[in-house]
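The listed protein sequences correspond, in order, to chains A and B.
Position 95 of the first sequence, counted from 1, bears residue number 374 in the working numbering, the numbering being contiguous throughout.
Position 166 of the second sequence, counted from 1, bears residue number 445 in the working numbering, the numbering being contiguous throughout.
Simulated from the structure, these hints should not be mistaken for laboratory data.
Beta carbons are placed, not taken as given, at the ideal position from N, Cα and C, and that holds for glycine.
Watch out, some of these pointers could steer you wrong.
Quick list of the computed label-pair ranges, beta carbon to beta carbon [stated by the list, open to error]:
no.: 1; chain 1: B; residue 1: G332; chain 2: A; residue 2: D360; range: 22 to 32 Å
no.: 2; chain 1: A; residue 1: T547; chain 2: B; residue 2: D496; range: 19 to 29 Å
no.: 3; chain 1: A; residue 1: Q318; chain 2: B; residue 2: A429; range: 40 to 50 Å
2 protein chains.
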Amino acid sequence: MRPEGNRRATYGGPATAILCLLFGLGAVPALAEEPTWRQVEPANLVFMELLEGRVVIELNPVFAPKTVNQFRELVQDRFYDGLSFYRVIDGFVAQGGDGSDLGELSEVPLIEAEFEREWSADLPFTVVQKPDLFAPETGFTDGFAAARDARGEAIWLTHCPGVVAMARNDGADSSRTDFYIVIGQAPRYLDRNMSVFGRVIQGMEVVQAIRRGAPGDNGIIRDDAAASRIRSMRLGSDIPEEERLAAYVVDTNSDGFADLLRDRRKRTQRFFHHRPPEVLDVCQVPMAGRLTK
Amino acid sequence: MRPEGNRRATYGGPATAILCLLFGLGAVPALAEEPTWRQVEPANLVFMELLEGRVVIELNPVFAPKTVNQFRELVQDRFYDGLSFYRVIDGFVAQGGDGSDLGELSEVPLIEAEFEREWSADLPFTVVQKPDLFAPETGFTDGFAAARDARGEAIWLTHCPGVVAMARNDGADSSRTDFYIVIGQAPRYLDRNMSVFGRVIQGMEVVQAIRRGAPGDNGIIRDDAAASRIRSMRLGSDIPEEERLAAYVVDTNSDGFADLLRDRRKRTQRFFHHRPPEVLDVCQVPMAGRLTK
Numbered sequence: 280m281r282p283e284g285n286r287r288a289t290y291g292g293p294a295t296a297i298l299c300l301l302f303g304l305g306a307v308p309a310l311a312e313e314p315t316w317r318q319v320e321p322a323n324l325v326f327m328e329l330l331e332g333r334v335v336i337e338l339n340p341v342f343a344p345k346t347v348n349q350f351r352e353l354v355q356d357r358f359y360d361g362l363s364f365y366r367v368i369d370g371f372v373a374q375g376g377d378g379s380d381l382g383e384l385s386e387v388p389l390i391e392a393e394f395e396r397e398w399s400a401d402l403p404f405t406v407v408q409k410p411d412l413f414a415p416e417t418g419f420t421d422g423f424a425a426a427r428d429a430r431g432e433a434i435w436l437t438h439c440p441g442v443v444a445m446a447r448n449d450g451a452d453s454s455r456t457d458f459y460i461v462i463g464q465a466p467r468y469l470d471r472n473m474s475v476f477g478r479v480i481q482g483m484e485v486v487q488a489i490r491r492g493a494p495g496d497n498g499i500i501r502d503d504a505a506a507s508r509i510r511s512m513r514l515g516s517d518i519p520e521e522e523r524l525a526a527y528v529v530d531t532n533s534d535g536f537a538d539l540l541r542d543r544r545k546r547t548q549r550f551f552h553h554r555p556p557e558v559l560d561v562c563q564v565p566m567a568g569r570l571t572k
Numbered sequence: 280m281r282p283e284g285n286r287r288a289t290y291g292g293p294a295t296a297i298l299c300l301l302f303g304l305g306a307v308p309a310l311a312e313e314p315t316w317r318q319v320e321p322a323n324l325v326f327m328e329l330l331e332g333r334v335v336i337e338l339n340p341v342f343a344p345k346t347v348n349q350f351r352e353l354v355q356d357r358f359y360d361g362l363s364f365y366r367v368i369d370g371f372v373a374q375g376g377d378g379s380d381l382g383e384l385s386e387v388p389l390i391e392a393e394f395e396r397e398w399s400a401d402l403p404f405t406v407v408q409k410p411d412l413f414a415p416e417t418g419f420t421d422g423f424a425a426a427r428d429a430r431g432e433a434i435w436l437t438h439c440p441g442v443v444a445m446a447r448n449d450g451a452d453s454s455r456t457d458f459y460i461v462i463g464q465a466p467r468y469l470d471r472n473m474s475v476f477g478r479v480i481q482g483m484e485v486v487q488a489i490r491r492g493a494p495g496d497n498g499i500i501r502d503d504a505a506a507s508r509i510r511s512m513r514l515g516s517d518i519p520e521e522e523r524l525a526a527y528v529v530d531t532n533s534d535g536f537a538d539l540l541r542d543r544r545k546r547t548q549r550f551f552h553h554r555p556p557e558v559l560d561v562c563q564v565p566m567a568g569r570l571t572k
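The task is simple: from the sequences and hints, build the whole structure.
Here it is in structure tokens:
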């Protein structure tokens, strides 16, 4: 059954089209309008260097002002430099920091819970799905996946892959330094229960390469030398402008983004022999950012 | 803000409890009954060795008999040994093979589409969610995540992380050799449109370490030498019994598994300050298997 000759078909041609269709980007028919991009403010950018590569995080001070404030201070204090991802469960989360949230040794202040906020008409919100399985309504607010309650009074950031949130103990206000990044199917049951304060906008493949712990041992990596390590974390605004990379993310408030959502919902391409239901999972919309010098 | 002394809290204590709660395994209160395990038939086991590590796949001949048949033959012919994952999009799929499905060069036969099958009362089905966002009903059938239509006439395997399915061109019956593994948020819009024929039961962290292609280039890795390579693929039944590892998976037909689903749906632990909605995403139930000598 092994074909003779070239074992690898040439690239391009129909091949290129196919995953475009699957991925829903550059789809046919073309979007009426392309999404526009916005630049991330340098104060909301975090460059996290691991041995595995660079991870770029966008902070969200609109939804988690106190958490972002303390996290920024810790980054500026180089608190995380040299610490590891000490609890990593494949398909769930990679948790890093000094473990102080979980013990009694830390002198870093506790942070008040920022699980959700009041809806306000000046918040942008581009609807994705109504109703969603886990919430009456999902959408994007300034690039972040979010959800609203039935009465439109509360809004929260949803636990999608790449989301960055504070770890905590049983108490709502028990976060200090430890954070996790979601690396698996969205654990949406954590929505409104954790302080989500950022999202990975580049380098998720680096996050996915973080060393896992044993599932039977709750993901804990007991040999710290074997764990993936944070070489450094820097705020974009602390990097001299001439060295700094500019980060751009899809402007989810743009008409082009709304067109993209419409296109993903319809799936009119002939690739689809069974037409999918016209629904969207807010965590399954590709949102990777771009970095430029 | 950096605490003096030990920068790393001790393990155990409350720490151990917390991610248990988050992960929903070993949860409190204890399950009435623990799920039982079933051994995977060696003929349905595939050991795929990458440089990155070992991936173990369970084949599903009940839902995709023709696909499994041809895949088994290709594995026995050592067709995949030395081939690479040539198109890998982070958060979506890792696609491997010789690319012949996408070109005109292959002598390997085409496979008829096996996108879904008729519901039959002798198929086991443990309900997870009704209705689900993408289907009237989801559940597990012999360990595989699945969904049924409203009239209970059709059943299909759902695109969850770790699912293994055949790549194809626009035509429904255009698969030959290339396959993909889902590595990101479940692309459920592909359900009933692809021949899902297996699932990764161990080694998803290895799959997640597969080298990605450039998103702008549709994930294609143009330098084949840089791609992740399949060193070998072997059927469990082709490995001498004394060398063979036995694979065990959760028996999704067991009462213990139904208890586990109930526990995950309820989330009564005091960790939850906001009680999550009593719904379950069929793709967010941890299903990793165990290997023993």
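Verification of the supplied hints:
1. G332/B to D360/A: 22 to 32 Å: Given about 29 Å between the Cβ atoms, the range holds.
2. T547/A to D496/B: 19 to 29 Å: Since T547/A and D496/B have Cβ atoms about 25 Å apart, the given range 19 to 29 Å holds.
3. Q318/A to A429/B: 40 to 50 Å: holds (46 Å)
In summary, the structure agrees with every hint in the numbered list given earlier.
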